[in-house]
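Chemist: Construct the complete structure from the given sequences, taking the supplied hints into account.
Line by line, the protein sequences are chains C and F.
Residues 1 to 159 (this note's numbering) make up the first sequence, in order.
Residues 160 to 331 (this note's numbering) make up the second sequence, in order.
None of these hints come from the bench; they were simulated from the model.
Beta carbons are placed, not taken as given, at the ideal position from N, Cα and C, and that holds for glycine.
Among the hints, a few may not be true.
Examples of chain F residues toward chain C, derived with CB under 8 Å [to be verified]:
(1) S187
(2) G197
(3) T242
(4) A277
(5) I322
(6) L324
(7) T325
The chain contents come next:
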Amino acid sequence: MSPIHRSLPLFVALALAAPSAGAQGRPLRVTGQHDLTFGSILPGVAVTIRPTDASRSAQLQIAGPKLAQVVLTFSLPPSMTSPSGDAMPLTFGPTSAGYSPTGSVADETLFDPSTPITVTLDGNGRGVVFLGATLRPSGGQRAGNYSASLTLTLSPSGL
Amino acid sequence: MRRALGYAAMVLALTAVRARAAAAQARSATVSVTANVGKRALVFGDADLAFGNVFPGVAKTVAPTDAGAGRFHVRLRPGDHVTLVFDLPTQLVGPGGATLPIGSWTGLWNTTNSTAGAAAFTPSSSATTIQIGSGGGAASYVFVGARVSPAATQPAGAYTATITLTGAYAGF
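Modeler: Quick look at the structure:
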């Protein structure tokens with residue numbers, strides 16, 4: 001077989017693979033746009049931030065192929081901690097998160113961030129995830145700044 | 160045979176390319192959750208909110224300037240500021256578990272134990288906060304009023320509920 005013929009299988013493979021990657025469109029991407037911000041709170045007074053709270057909820061923007069189905073998986077901390085190591089319980093419920101293809105809090109579909117969920121990006125390949133939570137400081141909660149990290153991982157649906 | 164091997168190589172190549180594409184598309188981002196816990200302030204209940212006698216079917220209001228107003232004081236050092244959160248009842252409970260609705264909360268706060276020249280605010284159970292200052296004194300005073308609305312068939316008897324005021328030093 002000539003060198004041209006030997007290279008044919010690889011050439012065909014690449015030619016077939018290229019349209020597949022093209023059909024995937026632009027790669028999935030998620031960007032944190034806003035932290036979940038409780039602000040000043042009092043010992044012994046629980047505070048809930050709803051995902052529809054545009055000014056205090058966490059917001060993450062997703063971009064990807066048009067109308068792509070994407071699996072959202074959160075990694076959620078059970079508590080926040082202070083620099084001195086004190087912990088403060090943080091909980092998430094069935095309606096602590098919301099997804100909006102348009103990015104508006106007015107048309108969110110609420111969901112439980114503790115469970116992976118499949119969403120569909122809009123016709124421009126975009127969507128926004130909102131996240132709230134309930135913070136339960138104890139009556140003797142030590143004063144100070146507390147923080148934790150929330151991670152959202154995207155994966156294409158069906159994999 | 161060689162052609163078969165060629166097709167096998169093609170299939171493997173396709174599989175590998177697709178696997179890499181899928182792996183490359185897994186993405187994640189991290190945001191923070193933050194809170195600032197204040198040091199609990201010393202809050203004292205000085206006077207109950209007292210409606211006295213009310214009559215079935217006749218609503219009654221106690222203003223924060225009235226003698227029956229509820230009163231708290233918050234211990235402060237000069238320059239302190241305190242954020243307050245109210246836990247307010249929606250009803251009083253009376254004989255046999257009968258309930259008496261309460262609402263339309265009103266409030267005043269002042270750096271002296273007087274409602275004259277006091278600043279108005281609206282107490283709320285929905286974690287609404289207000290900030291008060293000492294004005295250089297050792298305490299600030301909070302006055303609370305409300306309205307009860309007995310039904311025409313309201314059972315006679317004594318009705319009570321609890322108002323809780325929590326404070327934390329601000330600017331912590």
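Chemist: So, for every hint listed, does it hold in this structure?
Modeler: Hint check:
Contact between S187(F) and chain C, as hinted, is supported at the beta carbon level, the nearest pair being about 4 Å apart and thus within 8 Å. Because the smallest distance between the Cβ of G197(F) and any Cβ of chain C comes to about 6 Å, under 8 Å, the interface hint for this residue holds. Interface hint status for T242(F): upheld, as the beta-carbon distance to the closest one in chain C is roughly 6 Å, under 8 Å. Against a cut-off of 8 Å between C-beta atoms, the interface hint on A277(F) is violated, since the closest Cβ of chain C lies about 23 Å away.
A least Cβ separation of about 14 Å between I322(F) and chain C goes past the 8 Å threshold, and the interface hint is therefore violated. Here the hint on L324(F) is broken, as its CB sits about 11 Å from the closest CB of chain C, past 8 Å. Look at T325(F): its Cβ gets to within about 5 Å of chain C, closer than 8 Å, so that hint holds up.
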